[in-house]
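Got chain G sorted already, so can you dock chains A and S onto it with the hints?
Protein chains in written order, with the working numbering: chain G, -14 to 307; chain A, 4 to 346; chain S, 44 to 628.
In case anyone wonders, no lab produced these hints; they're calculated from the structure. All values derive from a computational prediction rather than experimental measurement. Backbone N, C-alpha and C define an ideal beta-carbon position, used for all residues, glycine too. Errors might be hidden in some of the hints.
Claimed, not checked - Covered stretches of chain S, going by a simulated chain G footprint (3 or more residues, C-beta under 8 angstroms):
no., segment
1, 101 to 111
2, 249 to 262
3, 522 to 536
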Amino acid sequence: MRYISRRLIHAILLLLAVSFFSFALLQLAPGDFFDAMRLNPEISQHTVESIRSEYGLDQPLPIRYGRWLRSMLKGNLGFSLASNSPVAPLLRVRARNTLLLSGTATLLAWLLALPIGVWSAAKRGGWGDRIGKVATSTILAVPDLLLFLGLLLLAVRTGWFPTGGMVSPGIDGLDFWSQAKDVAFHLVLPAFGLAVVMLPVLVLHVRSAMIEALESPFIRAARGHGIPRARLLFRYALPAASNPLISLLGFSVATMLSTSMLAEVVLSWPGLGPLLVESIFSRDVYVVVAVVMLSSVFLVMGNLLADLLLFASDPRIRTETE
Amino acid sequence: MNSRRKLWGALILLAAFHGLILFAGFFAPYGFAVQDRDMSFAPPTRLHFTDAQGKFHLRPFVYGLKDDPANPGAYAADTTHMYPLRFFVQGSPYKVAGLFESHLHFFGVASDGRLFLMGTDGYGRDQLSRFLYGGQISLLAGLLAAALSVALGILVGSLAGFYGGWIDELLMRGSEIFLALPWLYLLFAVRAALPLHIAEWQVFLLLVAVMGVIGWARPARLIRGVVLSAKERKFVVAARGFGASDAHLLFKHVLPQTYGVVLTQIALLIPQYVLAEVTLSFLGLGVGEPMASWGTLLSSLQQYYILSSYWWMFLPALLLIPLFLAYYTTADALQERLKSVSL
Amino acid sequence: MARVRSRKATLALGVAIICSWCVAPGASAEWQADSEQLTVTDNPVGHSGGRLVLALRSEPKTLNPVLAQDAASQEVIRCVTADLIEINRKTQKTESALAKSWTVSRDGKQYTLHLRRGIRFSDGQPLTAGDVVFSFHLYLDEKIDSPQRDLLIVGGKPIAVEKIDSDTVRFTLAQPYAAADRLFDGFAILPRHLLEGAYRSGDFLRAWNMSMPPSQFAGLGPFRLKEYVPGERLVLERNPYYWKQDRNGNRLPYLNEIVFLFVSSEDAQAIRFQAGDTDILDRFSAENFAVLAKQQAARHYHLDDLGPGLEYNFLFFNLNDLGPKASPDVARKQAWFQDVRFRQAVSAAIDREAIVRLVYNGRATPLWTQVTPGNKLWIDPGIPHPPRSLAHARDLLKAAGFSWKSDGTLVDSKGSPVEFSILTSSSNAQRVKIATLIQDDLSHLGMNVHVVSLEFHAMVDRLLNIHDYEAAIMGLVSGDADPTAEMNVWMSNGDTHLWHPNEGKSATPWEAEIDRLMQQQLVTLAYAKRKRLYDRVQEIIAENLPVICLVSPNILVGASDRVGNFQPAILDPYTLWNIDELYVR
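For reference, chain G alone in the conformation it holds in the complex (with noise of 0.2 angstroms):
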């Protein structure tokens, strides 16, 4: 318990840092958001510079910091000036579709990673370990965008896959099972695309970890008694190699929210990518401090969990804290 509570405090603290510095940061690039109702020929500055002070931006930034940190604490996230709406709506709908997206894409890696992973591991040096060896380098060295990019082609050139978006028009007056159907239609290429990239790291670790524990004692052991093979790696080997993994699992959990920006910004997925983009572009600054907030929620939420799972599952650790 004391623990957690230790890790929840460090939370709270990196939060309120994270504000701060992104609160200063965003203040140094110059220019705010009605830079371009400055350029309209039909707007004298003299309107543009009470609309400004209407929203507060003339206000120096501590004031501004003040004023957003009381009102974050009543759960009042701050105001979108690109959306004209409050923060907290935007950014659950966005939130709620990345989390669909990176989701998805995190479960399909994970359940190829591990028995190709397995796979590899227990056939060690022969051919097929080779050739896994060569895709997944291979898979490595291509950089996402190009990815991406490949995959937008291909819906664009063979019309197979819808070429963005999350839904198709009219798809308002369908039933529940018709709109899921829909989603998942325009979830195929962005989330195959992000399995993709995110396979080649887990397959590796998979595979380094399933080494080290078919080479422990224990295993060889399990092999001199007899236990079938399929047996042997799923049941005993692979929990052996669970520590590396679960934090890796921590990992993907941490960044699940920012992973998929380069996938929703290129395929036009509704999430938080395009907007943090589009907000940083137009000085949208609430917008952006909320979703980095968001962001490091997630990320301290899932080093905890890692290490809550590793404090479960793996007695060693266990006994060596207490």
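Using the frame of chain G, we list chains A and S on its own:
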């Protein structure tokens, strides 16, 4: 010894690539800024061995290019003009190592012929030449940023790991904050604050340096891990027992143990920072016109009409794959050697 | 157009028809009593029903016309509201809308508008002069800070609005204003019964934001709000009370529904249009034109190149009084920029044809004046269009005291090499390309030019705040074809007098002359006289080149073959201005 062969293979490939790029002036048939406004978006020129009459030539040649009357905007081969490929030709001037001027190019065709092995961009600039010159900028960016990140990572990581305690706590918490912040804003701010008369490539390198400095967090964590275990090694403890000072321990005993990790990190970070440079170019923070970098070459793919009509603009991205493969193989081989050698 | 020509006769006929309807009992199920409606002639009669799917570049931020400033909001608002007088985008002239007629006092300062009788809002409530007066009070209210307020300030004083009777409103200006009738286009008339409460309780800034239920909106446009799903779509449905009908007596609009999808980039919009997800593609780039044109027949859509619009791209130099923050370099170079022969030489050396060809694939028009050929009413055909001439440029530079070193570098009279930077926004790919071409062009004169592409906000900061730049490339699109829309650009004390904003007193005699001419055309009511004044302004600008005009991109639009009555124009909104007449085949 498989890892040794792998390592040497990868290093040779890297050396070849880097050599080509270092001497871009010599290997590139044209300068990077030479515009041929009549040859906008020309596809890669094909090398022929047999001409229209069916005669075989030992020396390959290219045909001239003319506008295709049937297909506006496209080009057709002009079979009346043949330009043989020659080696060690005289061409546009360039500076070797910024010092002395030379006109010698590895290969080329006569000056009224056109040799666009990777096609041209919207201004009629040869993409192969721009790829080679662009490599100078991009690889320099990658090396610079990777070196800075690792250098700072060594500094922070060794201090944190060696001294432990509150220094460790502070530095590791700091690294968490660093990983979370939106650094793009800082890059915008830096770019905007610079005076206008600074050359574009200098601005760019400054931005790259900022990126490298910001990226100390992950290498620092890894090095901290190594230092933590290294300082418990028996011979280090023994040296301390002999009264060695902290600095002596650090520099002579602990840090050398990090070399493997450091080298691996550098090999992994360089491709990462090259890709970061591509992202910067996508966001408008790339090196300015008319200079080329891999990022500026690829950022044109953001536009739909290029993506769908001019397939040769993908080639620079495809050429990156073997380069990155070489870097990752190097890192991989180094890691394997580390494991077999150490501890 | 026939519409304007036979308006009086058609109106009389319309009144007669309406009166006969009033007499005939048991008229059709749609209410029609006491209404005067505009008859639309000339266009093919379409059939009712159907739905169009359109794309918006971003989500609308508000449906409140008083507060809306972004393009997406304004596009939707235009479909659900109407103005007193509207500008026909095809003829570029004004025509009656909610006001069936108006008179101007002899001194030109009073406009008396007569509303059509019997018009109702989309919720069935009647329109009266009280709504008109209330609406304009909102636009003029200083506490609300409407971005449109400045348009209503003529001669330094806001327009005065008063209700004469239930159908008549009088507007009084402080001085005669040439484009006064054009002013009314864009000022939507709002329902007092729905908004007065919010206004009185001080809550107007939140009124009609995107989270309000559709029942709280009411407008006079062809459509009304049906549904808004954030992040996905906005749906409009037919307004049964719309006050226009076609020449067969069918009440407009034809369409039952309009769906707006949010597709954030131009390329994504082109992809969706090509795939058949959307029915109209509004303004896309020349490069995408070539790609889309190949599939026109196969995918059943057609593309239109409408020629130049009102946008003009230009190069200009920093002619500011430099503040303390600007670097000493800029001060030294200003000596060159301020010499008109230097600017003329630069203009002579620029290859405008290459810009049209390479940046816009030929779908643009070279410019030598800020008025584009698309602006038929105001272009001065007498402005010279000199072909590119490096020789002429060199002569001008020689006359200005420049010379060339042996390696070709241009140096000024003091011997320093001519070197400067051109600033442009990195997010606009075309302007970056234009800058690169100009950089190459000027290198033939021996000038060493750098292209500095900054992020948009950083660029605005340098241009308008600290004035720390040397040259820049920008583009402007006039809100209207009329010159008064650009007063702030050409007047010396204008905020957007880009090369030297907010000059107290004109820095040069020609700028003073432009000020005088612009002020005069503002108060001159006769078009012929105004044209002569504005022609002179164009000539002065072409001689002194405070801005070197480069190109105007053509307006490119596309529509699916199933869209009927598609009549795109070169004024914004290019494709939807006649949305009440569009139908599905």
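Checked hints:
Look at the segment 101 to 111 of chain S against chain G: 4 of its residues bring a Cβ nearer than 8 angstroms to a Cβ of that chain, three or more, so the hint holds. With 3 residues bearing a CB less than 8 angstroms from a CB of chain G, the segment 249 to 262 of chain S meets the requirement of three and the coverage assertion stands. With 6 residues having a Cβ less than 8 angstroms from any Cβ of chain G, the segment 522 to 536 of chain S passes the three-residue criterion, so the hint holds.
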